[in-house]
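Trainee: So the protein lines, in turn, are chains A and B. For the first sequence, our numbering assigns the number 63 to the initial residue and increments by one for each residue that follows. For the second sequence, our numbering assigns the number 63 to the initial residue and increments by one for each residue that follows.
Quick caveat, the hints were computed from the structure, so don't treat them as lab data. Any given hint might turn out to be false.
To be verified - Listed next, the stretches of chain B that the computed footprint assigns to chain A, with coverage defined by at least 3 CB atoms under 8 Å from CB atoms of chain A:
#, region
1, 160-172
2, 311-325
3, 341-350
The model shown is predicted, which means the values in this text are computed figures rather than measured ones. Beta carbons are placed, not taken as given, at the ideal position from N, Cα and C, and that holds for glycine.
Protein chains: 2
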Amino acid sequence: MKTYQEMSREELTSLRDELSGAYEAVKRKGLSLNMARGKPSPSQLDLSMDMLNVLNSGSAVNDVSGIDCRNYGEMDGIYEAKKLLGDMIGADPENVIVCGNSSLSIMYDSVARSMLFGVAGSTPWCKLPAVKFLCPVPGYDRHFAITEKLGIEMINIPMNEDGPDMAAVREYAESDAAVKGIWCVPKYSNPTGITYSDDVVRAFAALKPAAEDFRIYWDNAYAVHDLYEDSRDTLLNIMEECKKAGHEDMVLQFCSTSKITFAGSGIAGIASSSANLDWCRKEMTIRTIGYDKMNQFRHALHLKDMDGIRKRMAEHAAIIRPKFQAVYDCFDKELQGLGIGTWTKPRGGYFISFDALDGCAKAIVAKCKEAGMTTTGAGATFPYKKDPRDRNIRIAPTFPSLEDVREAAALFALCVKLCSVEKLLNQS
Amino acid sequence: MKTYQEMSREELTSLRDELSGAYEAVKRKGLSLNMARGKPSPSQLDLSMDMLNVLNSGSAVNDVSGIDCRNYGEMDGIYEAKKLLGDMIGADPENVIVCGNSSLSIMYDSVARSMLFGVAGSTPWCKLPAVKFLCPVPGYDRHFAITEKLGIEMINIPMNEDGPDMAAVREYAESDAAVKGIWCVPKYSNPTGITYSDDVVRAFAALKPAAEDFRIYWDNAYAVHDLYEDSRDTLLNIMEECKKAGHEDMVLQFCSTSKITFAGSGIAGIASSSANLDWCRKEMTIRTIGYDKMNQFRHALHLKDMDGIRKRMAEHAAIIRPKFQAVYDCFDKELQGLGIGTWTKPRGGYFISFDALDGCAKAIVAKCKEAGMTTTGAGATFPYKKDPRDRNIRIAPTFPSLEDVREAAALFALCVKLCSVEKLLNQS
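So here's chain A without its partners, still in its complex pose (with noise of 0.2 Å):
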């Protein structure tokens, strides 16, 4: 088999043809796909429904503690709840706070915080003159949004297959207290899959930044979203690893049920040092009176523990992992060896990551849009949504069904066959 860039002029402008003709019965198709979003599916969501029935009309409704979880209060959430997440990223119960519905909002809190007041006593960020986040890319688009909206400077630090390029981490963390963080999805990395190495884990542990007020946004989204229960990622505990290396307020570690429960009604987390903690309880004291125990209650009586966590987690991968295997099963027949693409084939999470050629990545989005099937938009993946090589897309198969699942990979598939062979017959 021949390579795109093996081919002749001649071999490409047939091969063009021929694709332009496959590309325009699809569009005649009118298909209505939609890869765009980490959404779980509605079958994942059903999973759940179990749920709605621990708390009813005859329920008690207090916490281990003999808190009611119906009144106010409680700010830092019930003891179940905190065991219940804490358990799953590795922390205390009394290093977490249990909050609401979105993890996204306690890391916009966290980071917002920071710009009106500091972080634990530190100088509020917005009276600095300038405020520089680490960004390994490419990385989640909410993730970059957060600290475009404050207004604070990205920069792209590379990522590997084993995470963030430590060097580079290094080189900006400790040579300028501007950077006062860095974002991190640790494991089954947002959108390439990949897991952290133990080696990357105790490099972040071993830091030292010149900002005193430095922190790692460690967002443990997929923290138990395995795909295969025989192969599961291990990441070793960065709150440990902080800990043991002295520097155990450098981490806030972040994380949810969203995808575990039901998506818009799960409930999230922060875990860290008392001294964070306590730095966090001062603002969300003035914010709130307490968040939804009642919800915190349902999850803990739903879930109860890991074993309940793993179980529910086992019964998820089964119904997407067929749809992750549909996109490899395609990619691998129609784009492998013709050299104008790899993908990433992650163990767990809920994206695959594709590098087209450079270059490809907007027209293949744009014709994709055009034939009625709709990713996440080139660059998003990156800061300020520029991709410098215009190539990476992230591909979320999770929410469609198998079947479209299987017509979206194969119109992706042609589209990158036709925005490559246009950009090489354009370029040469």
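Given chain A, work out where chain B should sit, using these hints.
Mentor: Chain B in isolation, oriented as in the chain A frame:
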């Protein structure tokens, strides 16, 4: 009956000895009473237990427009919830965003957003040399805590029987562009229980603030919280009045179901002009993918409409009216005509406001505390916790049992008498 002021030194001394004896006797009882916070009692929370049945494993989970309430998205909230909250406070559904469980959080976010980003295009307040808020006093301690935390200077505005002193409001708001807002609890005000008159609401709507980004923070927390069905206070619709006056962007209205269903697990919303809501959305969409729509759906299914809300509020009133009455009965019997205090008898809301002799509030609160009764801290109803006359105490009779309310009111009255006589003896 003589007032305390009319008593001779000998009479006062003898009275003090008598009251001290009574107080010591109460202290020996080892009471534990709490009238500090406006919390519903367990029996009030019991009223809404059926809400836990409306969504179960067999339920349809799609709202009226077909949205799957379990999944991500729909940051604005579901239509049913917008309609429910909108009807409650007189706003069209399209002028409502339904959020999570806390209106306090929405208010905090509204002010914090203005600090960080300005109001709908204005200069971020954190870039200004001074930002000021008007605070009708006595008022709600958690409002004042927000503005204090954010470094906003608070200016006391006298509270009259019909609302804030609008001449003072006008003078400050229309002459000083640093004045960016005013905190209002317009119906059954916290803590005085008064409702703003039509004239006051119209005067608000007619304001011509010096600052274009001045907003009225209209915390309509007790919109439907009537104690007497046959003599409900009515509140003019501020949004309509502002619109008529050509100032529709001037008001941000807040509400929640915290004191309708479950205090910690209700739904809360913000209502305002399209322009203001768009401004909110620009930040909200960075902060969250959406609020808990299942809880919104649960509320809509359970409360249904205004009739459902009215019915629930009548049930609440039946429980808490006797507690308010017990306080009135006690104060009428024990304190009437003595010249040592005045108190409100609101037709709704959650509080009774007590004004002692000047300089006595802290002493009374301390005396209560010493005998096992917690009230809201003296000064809490004023910015910076500074009651210039040290006389106002907020009494929250809803949470304790009726029996405890009776005991607490008696103890409170006793402490008022004792502190008053001590004050008069000390100054004479």
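Trainee: Go through the numbered hints given earlier and state which of them the structure violates, listing their numbers in rising order.
Mentor: Checked against the structure, no hint fails, so every one of them is satisfied.
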